[in-house]
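*Asks:* Here is how the chains run, residue by residue.
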Amino acid sequence: MVMDTAASSVPPQKLAGTGNITLHLHGHQAVFSELSYCYPLKLLSPRIAERAVAIAYVLSYGGGLVGGDRINLRTDVGSGARLLLLTQGSTKIFKQRVGLRASSVHPASADGERTIQVIDAAISADALLLLLPDPVTCFSDAFYNQKQTFRLEIGASIVLLDWITAGRVSRGEEWDFSRYCSINEVWVGDKRVARDAQLLEKQTQQSGSKFVPLRSLKDRLGHYSCYATLLLYGPLVVPTITTLAQRYASVQVYQQNVPPDFVWSLASLENGCVVRLAGKETELVKFWLRDSLKGLESVVGIDALRNAFV
Amino acid sequence: MDESTQSYILLLLADGNLPTGSFVASSGLESYVKHGFFTNSSSSSSTATAAQTNKAIVDFIQDSLGTYARSALPFVSDAHIAMSRHNSMTSGLEESLHRDSEASTLQQIKDLDFLYESMTLNEVTRRASKAQGVALLTLFSKGFSSPLMPHASPNTELSMSASLEHFVDHYKLIVRREEAPGHLPICWGILTATLGLSLDRSQHLHLFLHARSLLSAAIRLNILGPYAAQQVLLHVVRDVVAQHHNSCKDLRSGLSPGVRRQDGEEADDFDGPATTWPLGEILAARHDLQHSRIFNS
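Chains A and B are the protein sequences, given in the same order.
Per the UniProt record's numbering, the first sequence runs over residues 1 to 310.
Per the UniProt record's numbering, the second sequence runs over residues 1 to 297.
Read the hints as simulated data drawn from the structure, not as lab findings.
Everything numeric in this text was worked out from a predicted model, so none of it was measured.
Ideal Cβ placement from N, Cα and C applies to all residues, glycine included.
Mixed in with the good hints, there may be bad ones.
Unchecked claim - Result set (DMTMM-like, lysine to aspartate or glutamate): computed pairs, CA atoms no more than 20 angstroms apart in a straight line:
1) B:K249 with A:E201
2) A:K191 with B:E179
3) A:K147 with B:D271
4) A:K191 with B:D111
5) A:K202 with B:D271
6) A:K218 with B:D59
7) A:K202 with B:D250
8) A:K191 with B:E123
9) A:K218 with B:D63
10) A:K202 with B:E123
11) A:K202 with B:D269
12) B:K55 with A:D219
13) A:K191 with B:D250
14) B:K110 with A:E185
15) A:K202 with B:D59
16) A:K147 with B:D269
17) B:K110 with A:D190
As the list claims (entries may be wrong) - So these bits of chain A aren't anywhere near chain B, every CB distance computed over 10 angstroms:
18) L44
19) S79
20) A122
21) G155
22) E201
23) Y248
24) E283
25) F287
26) G295
27) G301
Model the full assembly from the supplied sequences, consistent with the hints where possible.
*Replies:* Written out as structure tokens, the structure is:
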């Protein structure tokens with residue numbers, strides 16, 4: 001692991017939670033020319049045999065993020081290289097620190113309650129980034145903002161998965177967090193091809209109406225306990241996109257009496273697609289993903305892909 | 001523009017018979033029903049059943065309007081503001097300066113239109129939004145421009161600036177040539193600003209029309225009677241519309257250069273347009289998979 005030594009002169013709070021991953025192709029080997037990180041972020045890279053492929057695990061100490069944590073990860077995937085970004089177990093977002101609330105006079109201390117994760121990834125031509133984390137699990141009262149930006153050169157490819165579960169359902173916490181906001185933006189050259197912005201927020205506004213009580217997150221989302229967005233783009237994943245699109249086109253919906261346990265949709269983009277999934281159980285969604293993304297084995301190898309969706 | 005003129009424009013725009021294409025859109029309601037989400041418990045009492053049905057449609061309106069307001073209203077606002085600014089800048093300017101201003105307004109509107117396109121990640125919704133958008137521009141140039149009269153043209157409070165009228169025609173042409181998508185929220189902002197309707201009224205009416213078209217769709221789908229729909233519209237929808245109008249009226253698309261914080265993050269990134277109902281997204285996208293369907297979306 002290479003620590004950024006120049007960083008020690010910068011105030012530590014500015015560096016907290018930052019990380020840098022730079023992957024390049026040397027001959028047939030994918031080599032990390034940089035893999036640095038600061039608490040509470042941790043990056044691990046297991047050795048794998050597959051040519052041109054590397055895996056990096058994005059971890060946090062304690063297996064989750066608390067209010068005030070700020071992750072800022074920059075990733076650069078060089079031409080020809082293939083990078084899998086994975087996590088180990090779902091990313092838990094713990095509740096806001098209540099103590100700070102009363103004293104939140106300054107905007108800075110208001111920020112202290114929030115958890116923010118920012119990922120900025122640059123992908124070169126002929127390179128591939130697979131971002132296949134475990135789902136985010138927001139605990140009761142958690143406040144989470146996430147922005148992921150993917151800057152692709154023409155000819156670059158990505159698969160990005162962004163998913164969330166209802167929470168610690170075993171503890172009776174079901175869609176009970178304060179806020180989850182996730183923005184995924186994909187640029188190809190200087191064109192924004194997709195901006196997916198999703199906001200799940202507890203409503204607090206007083207309506208004062210006897211007819212229309214506010215809809216809680218659970219009212220709105222509660223039929224399912226896991227929602228996922230999957231975006232595929234670029235030449236290396238065309239076979240997977242084609243297979244998915246054909247499968248989707250063959251679906252026929254007749255009148256149903258009860259909602260399905262699992263449901264998905266697909267929308268085509270030029271050179272890509274956006275898939276959305278919802279399942280009564282997280283396992284249903286995971287099973288679908290594992291099965292549907294099998295085709296990526298031919299791009300990154302069976303052994304590498306086996307590490308996703310475990 | 002005075003209050004009575006504003007009210008008069010509202011009367012025209014609220015007309016359910018305006019050819020805006022909303023008649024063929026159910027905004028995902030048909031698919032929602034088809035997938036078994038629109039349930040009314042099998043109660044023996046018909047009063048209880050009617051109450052369940054009303055609750056089911058109000059739930060759908062709340063969730064649908066919630067996600068629509070949060071994702072589309074910022075675009076209505078930005079388009080309206082860009083057009084109003086264009087109007088105030090060009091009034092009293094020379095012809096040559098008009099063109100500069102028009103080019104810059106055109107670019108702003110196109111940027112908004114393309115951003116909305118990139119955020120609408122669902123072919124069915126995109127299609128419905130574009131069809132209704134271009135219908136509004138056509139409605140304007142054919143139905144709301146000044147009529148021909150044997151003598152001098154009518155001089156009322158309503159007479160619009162020639163430069164705005166020209167802009168709408170021009171944008172319609174651009175959309176027809178497929179140089180811009182022509183999405184509904186942007187075209188609504190353009191149309192209402194050109195007619196002189198205030199931003200607040202434009203936002204409010206837009207949300208009201210969305211809710212009302214859901215009720216019309218419910219009637220055509222035979223899940224709600226026409227009288228029941230009127231009851232809901234009068235007694236319930238008003239609050240729902242006011243709620244979402246209030247919470248979204250100050251949101252902007254974020255396209256106008258935001259304040260960059262020290263860390264380089266756009267300050268308003270997380271306060272911009274967003275969808276709020278992932279289930280609605282999935283079901284709306286699955287509209288075309290239905291074996292038989294009566295709506296286009």
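*Asks:* So, against the hints stated earlier in the document, which numbers end up violated here?
*Replies:* 10, 13, 22, 23
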